[in-house]
Amino acid sequence: MVSVNEQPTVDPASEPHGHGLRLCRWDAESDADAAAWLRGLADPEFLRWNTPFKVVKDLDTARDSLRALAARAANDECVPFRVTDADTGATLGHMGLNTIERVMRVARVGYWVLPEARGQGVATRALALASRWAFTELGLYRLELGHALGHDASCRVAERCGYPYEGTLRGAMPEAGRLDAFRDVHLHARIATDPEPAVE
232 MVSVNEQPTV
242 DPASEPHGHG
252 LRLCRWDAES
262 DADAAAWLRG
272 LADPEFLRWN
282 TPFKVVKDLD
292 TARDSLRALA
302 ARAANDECVP
312 FRVTDADTGA
322 TLGHMGLNTI
332 ERVMRVARVG
342 YWVLPEARGQ
352 GVATRALALA
362 SRWAFTELGL
372 YRLELGHALG
382 HDASCRVAER
392 CGYPYEGTLR
402 GAMPEAGRLD
412 AFRDVHLHAR
422 IATDPEPAVE
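Yeah, the sequence shown ends on 431 if you go by this note's numbering, and it's all consecutive.
It is worth saying that the hints were derived from the structure and are not from the lab.
All values derive from a computational prediction rather than experimental measurement.
Keep in mind that a hint or two might mislead.
DEER-style ranges, computed between Cβ atoms [unchecked claim]:
#  : residue 1 : residue 2 : range
1  : Arg363    : Arg387    : 18 to 24 Å
2  : Leu278    : Pro426    : 33 to 39 Å
3  : Asp258    : Gly402    : 32 to 38 Å
4  : Asp262    : Ala317    : 19 to 25 Å
5  : Asn306    : Thr399    : 27 to 33 Å
6  : Asp291    : Ala403    : 27 to 33 Å
7  : Lys285    : Pro426    : 36 to 42 Å
8  : Gly398    : Ala321    : 34 to 40 Å
9  : Arg409    : Ala317    : 37 to 43 Å
10 : His250    : Gly408    : 30 to 36 Å
11 : Asp295    : Pro395    : 36 to 42 Å
12 : Asn306    : Ser261    : 18 to 24 Å
13 : Glu427    : Phe284    : 33 to 39 Å
All residues carry an ideal CB built from backbone N, CA and C; glycine is no exception.
Hey, can you work out the whole structure from these sequences and the hints?
In structure tokens:
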């Protein structure tokens with residue numbers, strides 16, 4: 232058990248793996264990583280459910296976005312993972328532990344999957360890996376998952392990974408493509424003492 236005044240030491244190079252996946256760090260200087268980041272954040276399905284505050288429209292802005300993400304990670308604000316196939320190393324998507332609050336031992340999880348990797352349980356498997364890692368390696372106690380109302384696929388991922396629905400947050404997320412209008416969010420959460428779900 233990690234006390235309030237004690238921060239677990241985490242190997243920055245550690246890569247959670249299992250369920251046919253490996254969670255790696257993004258590299259802003261990698262052309263392949265920047266291209267995958269751009270494809271993920273410019274994907275119409277991603278933009279249907281998420282509204283970035285800074286638009287990623289080309290490789291330069293993708294690199295800038297990844298560098299900003301790395302800076303936040305260096306400040307212990309988040310842990311961003313590139314989700315890869317354990318055998319081929321191909322990038323499948325992103326899994327992030329965001330808005331980490333060490334005193335309360337809580338973080339928000341977020342993820343996306345590239346179009347060609349959808350329908351294969353990637354988000355479910357990646358969330359299961361990241362959740363276990365967050366509880367055991369980061370010493371977090373509560374993980375929250377919020378998604379736009381109507382995003383049924385995210386609801387199913389949450390439930391499969393042991394994140395029950397806890398309520399609806401009114402006006403908690405920008406509408407698709409807008410920063411001047413808001414939509415409701417379903418809140419799911421999992422705590423460290425919840426039973427480990429069976430994920431294939």
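Consistency of the hints with the structure:
1. Arg363 / Arg387: 18 to 24 Å: 19 Å, holds
2. Leu278 / Pro426: 33 to 39 Å: 35 Å, holds
3. Asp258 / Gly402: 32 to 38 Å: 36 Å, holds
4. Asp262 / Ala317: 19 to 25 Å: With a Cβ separation near 22 Å, aspartate 262 and alanine 317 satisfy 19 to 25 Å, so the hint holds.
5. Asn306 / Thr399: 27 to 33 Å: 31 Å, holds
6. Asp291 / Ala403: 27 to 33 Å: 31 Å Cβ-Cβ, so the 27 to 33 Å window holds.
7. Lys285 / Pro426: 36 to 42 Å: 39 Å, holds
8. Gly398 / Ala321: 34 to 40 Å: 37 Å, holds
9. Arg409 / Ala317: 37 to 43 Å: Holds, since arginine 409 and alanine 317 (Cβ atoms, about 38 Å apart) stay within the stated range.
10. His250 / Gly408: 30 to 36 Å: Hint holds: Cβ distance 33 Å, inside 30 to 36 Å.
11. Asp295 / Pro395: 36 to 42 Å: The hint (36 to 42 Å, Cβ to Cβ) holds, given that aspartate 295 and proline 395 are roughly 37 Å apart.
12. Asn306 / Ser261: 18 to 24 Å: 22 Å, holds
13. Glu427 / Phe284: 33 to 39 Å: 34 Å, holds
Hint check: no violations occur; every hint is consistent with the structure.
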